[in-house]
Amino acid sequence: MDALKQALHLLFSLDPELLQILGVTMRMSFFSTTISCLIGLPLGALIGTRSFRGKAFLKKLIHTLMGLPPVVAGLLVYALFTHYGPFGRFNLLFTVRVMVIAQCLLIIPVVTGLTASFMEQSTRAVIDTAKGMGLSRRRVLFLCLSESRTSLLSVVLNAFGRSIAEVGAVSIVGGNIQWKTRVMTTAIMLETNKGNFSFALALGFILLLIAFVVNVAASFVVREGHDD
Amino acid sequence: MKKLTAILLAMLLLVSFAACGAKGDETPTPAETPENPVIRISTTTSVNDSGLLPYLQPVFESETGYKLEIQSAGTGAAIQKAVDGNADLILVHAKASEEEFIADGYGVERLPFMYNYFVIVGPADDPAGIKDCEDAASAFQKIRESESKFISRGDESGTHKAELKIWGDNAPDAAADSWYISAGQGMGACLTMASEQGAYCLTDKATFLSMQAELKLDLLLEKGEDMKNTYSLIAVNPDKIDGINVDGAKAFIDWMLSDEASEMIAKYGQEQYGVSLFYLLEA
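So the sequence lines, in the order shown, correspond to chains S and A. With my numbering, letter number 67 in the first sequence gets 67, and the count goes up by one each step, no holes. With my numbering, letter number 50 in the second sequence gets 50, and the count goes up by one each step, no holes.
Source of the hints: derived by calculation from the structure; they are not laboratory data. Note that CB positions come from ideal geometry on N, CA and C, so glycine has one too. Check the hints yourself; a few may be wrong.
[Unchecked claim] List time: in silico DSBU-like cross-link candidates among lysine-lysine, alpha-carbon distance up to 30 Å:
hint, chain 1, residue 1, chain 2, residue 2
1, S, Lys180, A, Lys223
2, S, Lys5, A, Lys81
3, A, Lys67, A, Lys216
4, S, Lys5, A, Lys161
5, A, Lys95, A, Lys223
6, A, Lys223, S, Lys5
7, A, Lys240, A, Lys142
8, A, Lys216, S, Lys180
9, A, Lys228, A, Lys81
10, A, Lys223, A, Lys267
11, A, Lys250, A, Lys240
12, A, Lys165, S, Lys180
13, A, Lys240, S, Lys180
14, A, Lys250, A, Lys267
15, A, Lys67, A, Lys267
16, A, Lys142, A, Lys81
17, A, Lys228, A, Lys216
18, A, Lys142, A, Lys223
19, A, Lys223, A, Lys161
20, A, Lys81, A, Lys240
21, S, Lys131, S, Lys55
[Unchecked claim] From the derived model, a few chain A residues whose C-beta atoms are all more than 12 Å from chain S:
hint, residue
22, Gln57
23, Glu145
24, Leu209
25, Lys216
26, Glu225
27, Ser276
Could you put together the complete structure from these sequences and hints?
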């Protein structure tokens, strides 16, 4: 296949622009995933393991936000950071930082929602046992997190997958500026609009390859975890 | 937020107007449906998003019984779609690419039929002082000398190719010249970016006028001889690509070149903006 050959050629020729785009993509996805998980994992764990008033409503709200269309997230963040918008004075529009902000808006609900469901399903027994043992609430939460770490890793990978594949929000707030905010997905969009369909497909293969490598690395980490 | 609400409202209004318009234009007795009624036209965003094609479409359809399927993209993609066999004809504005399209055997004949001017827009205080320039080339020179921000489409669209042609051998390098921003997006997104960053931008006039209310940009230079923008119709060659609606493509081209369509094209924009957006080439 032509596109596949082109993809390999591109990768091995170490094209400086491609490397720069890959760099921006990885930087953006790393921060989006990390920040979303730092907020979403504990939040989801709390919601999943405790019962409180309004919990059902909160879960509905989170599940709704999990379906937020990326374009809408992009528009919202755009409206906040536009020159005359409330945060316009920070001059963040068309930067990688604001792309991370828009992505966090998309990914935090996903991480929170998934974590909450996992914890709810898999940790009931743990909680009952722990209560019987008279452990503190914090110890219980910690125990639950460690018990369900395989599921949680899949949440993290899900977050990463969202981030690296997303195009609607990042093209609005990032602007797809060459040498600055262009990432793999917006580059693919651009090549598609230019009519370079096979080149666009080649970039798509490279994106898939990255996702694959990250997943393999992650499963390796989990296997290590099971050994000890 | 207020601005966003206004945009959303405007879009809603436009959609509802369009819906009404389509209904009102339906004639009680449409022309007989041709054997192969669907015509696939691949065109550039400036023709479609300016509203010109949607304005002509219902009249053409009710008079001929054909159904027009409009695909709009940048000129590069618009041509590629035809090369891939996904269009019966193209309506684009990039002479060199059009000639290549024909030389490669994909197009039958290039029929230039209308034109307009690219314009240079920028911040009202015009930091590079291009307002009184003779043509786009000298304006670009001033922008380069003052290193004022400039947003380039960077997407190999017709507008981008026109911009590169004006720079000539002097095209800035997006990697080295930080004032030159290669956005890789459509005209609307680039104008929004120029407005945000107080930058200059080369644009087709139609898109600029349709967005002007939302932009902090002034029209600084127009009608330089090097800013002329010619649109052509090209039917796809049925000998090269199978499955082409030859009769349909011919019917649309004939209709577009008719006196009736010419009159409609020449009038388009006057009601809304007080100026015509497209002019007819003298035959």
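Outcome of the hint check:
1. S/Lys180 with A/Lys223: violated (33 Å)
2. S/Lys5 with A/Lys81: Given pair S/Lys5, A/Lys81 holds - Cα atoms ~22 Å apart, limit 30 Å.
3. A/Lys67 with A/Lys216: violated (39 Å)
4. S/Lys5 with A/Lys161: holds (29 Å)
5. A/Lys95 with A/Lys223: The hint holds at about 19 Å.
6. A/Lys223 with S/Lys5: violated (46 Å)
7. A/Lys240 with A/Lys142: Given that 30 Å is the threshold and the Cα spacing comes to 46 Å, the pair is violated.
8. A/Lys216 with S/Lys180: Holds - the C-alpha atoms of S/Lys180 and A/Lys216 are around 24 Å apart, at most 30 Å.
9. A/Lys228 with A/Lys81: The given pair, whose Cα atoms are some 25 Å apart, holds under the 30 Å limit.
10. A/Lys223 with A/Lys267: Holds, because 19 Å separates the two Cα atoms, which is no more than 30 Å.
11. A/Lys250 with A/Lys240: holds (16 Å)
12. A/Lys165 with S/Lys180: Holds. A/Lys165 to S/Lys180 sits at ~25 Å (cutoff 30 Å).
13. A/Lys240 with S/Lys180: violated (41 Å)
14. A/Lys250 with A/Lys267: Holds, at roughly 24 Å.
15. A/Lys67 with A/Lys267: Roughly 23 Å between the alpha carbons, so the hint for A/Lys67 and A/Lys267 holds.
16. A/Lys142 with A/Lys81: The given pair, whose Cα atoms are some 38 Å apart, is violated under the 30 Å limit.
17. A/Lys228 with A/Lys216: Between A/Lys228 and A/Lys216 the Cα gap is close to 25 Å, so the pair holds against 30 Å.
18. A/Lys142 with A/Lys223: Given pair A/Lys142, A/Lys223 holds - Cα atoms ~18 Å apart, limit 30 Å.
19. A/Lys223 with A/Lys161: holds (18 Å)
20. A/Lys81 with A/Lys240: holds (14 Å)
21. S/Lys131 with S/Lys55: holds (21 Å)
22. Gln57: holds (23 Å)
23. Glu145: Consistent with the label, A/Glu145 stays out of reach of chain S, its closest Cβ about 22 Å off (over 12 Å).
24. Leu209: holds (21 Å)
25. Lys216: violated (8 Å)
26. Glu225: holds (28 Å)
27. Ser276: holds (28 Å)
Hints 1, 3, 6, 7, 13, 16 and 25 from the list above are not met by this structure, while the remaining hints are.
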